[in-house]
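Trainee: Sequence:
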Amino acid sequence: MNQMNTMLIGGLWHGASWMYLIWGGLQGVFLIGHKELKSLFGKKNEDKSEQIKKEKSRWRVAFNIFITFNLIAISFVFFRARSLETVRDMANQIVHNFHLSVAPQFLEGYLMIVIAIVGAYIMHFAPEKWTQKFKGAFSAMPLVIQAIVLAIIILLIIQVRSSEIVPFIYLQY
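FYI, the numbering for the sequence shown is 113 to 285, going by our numbering.
Honestly, the hints are just simulated from the structure, not real lab data. Note that CB positions come from ideal geometry on N, CA and C, so glycine has one too. Hints are not guaranteed to be accurate.
Claimed, not checked - Label pairs and their in silico Cβ distance ranges:
#1 L255 / N176: 34 to 44 Å
#2 I225 / F250: 22 to 32 Å
#3 H211 / L149: 27 to 37 Å
#4 F178 / W242: 21 to 31 Å
#5 V256 / I227: 21 to 31 Å
#6 L262 / A203: 36 to 46 Å
#7 R194 / F218: 21 to 31 Å
#8 F246 / R200: 41 to 51 Å
Go ahead and model the full structure; you've got the sequences and the hints to work with.
Mentor: Right under this line is the structure:
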């Protein structure tokens with residue numbers, strides 16, 4: 113219950129709104145649920161072979177990532193919405209009026225951003241040895257080449273950023 117109180121206070125810290133309280137409450141429920149599920153399913157069965165354990169572990173990790181991402185994304189609907197009506201309208205739009213046919217237009221309009229997101233996912237889920245190889249290769253480059261690589265990365269970031277100046281999130285309410 114301590115996690116619930118902490119997250120409710122975290123919701124209030126963001127603002128005196130029911131939406132922030134709901135968001136904080138959901139985060140607390142997720143933390144409590146995580147701890148309870150971990151205590152129920154955290155113990156491994158000793159008589160399984162190593163290969164079966166690895167295979168089930170990979171699927172379990174993928175499933176856990178999928179569920180966690182979606183629960184957090186859903187909770188942020190409450191964080192961003194101004195009222196429960198807005199939440200209802202957003203849920204209605206997603207469930208009843210979702211048009212996958214606009215995906216090609218989305219990809220065309222935001223191609224650089226989609227490439228950056230896909231690249232970030234690949235880097236996030238890449239094995240640690242890949243990260244170490246990239247670090248080693250980058251460190252071994254001459255300083256001038258390192259500077260050029262960093263300049264290219266900065267230029268890519270400038271290209272994918274929004275053209276509008278977006279105010280700090282807490283100043284938007």
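Trainee: Now look at each hint and say whether the structure bears it out.
Mentor: Status of the hints after comparison with the structure:
no., hint, verdict
1, L255 / N176: 34 to 44 Å, "42 Å, holds"
2, I225 / F250: 22 to 32 Å, "24 Å, holds"
3, H211 / L149: 27 to 37 Å, "35 Å, holds"
4, F178 / W242: 21 to 31 Å, "23 Å, holds"
5, V256 / I227: 21 to 31 Å, "26 Å, holds"
6, L262 / A203: 36 to 46 Å, "43 Å, holds"
7, R194 / F218: 21 to 31 Å, "25 Å, holds"
8, F246 / R200: 41 to 51 Å, "46 Å, holds"
Hint check: no violations occur; every hint is consistent with the structure.
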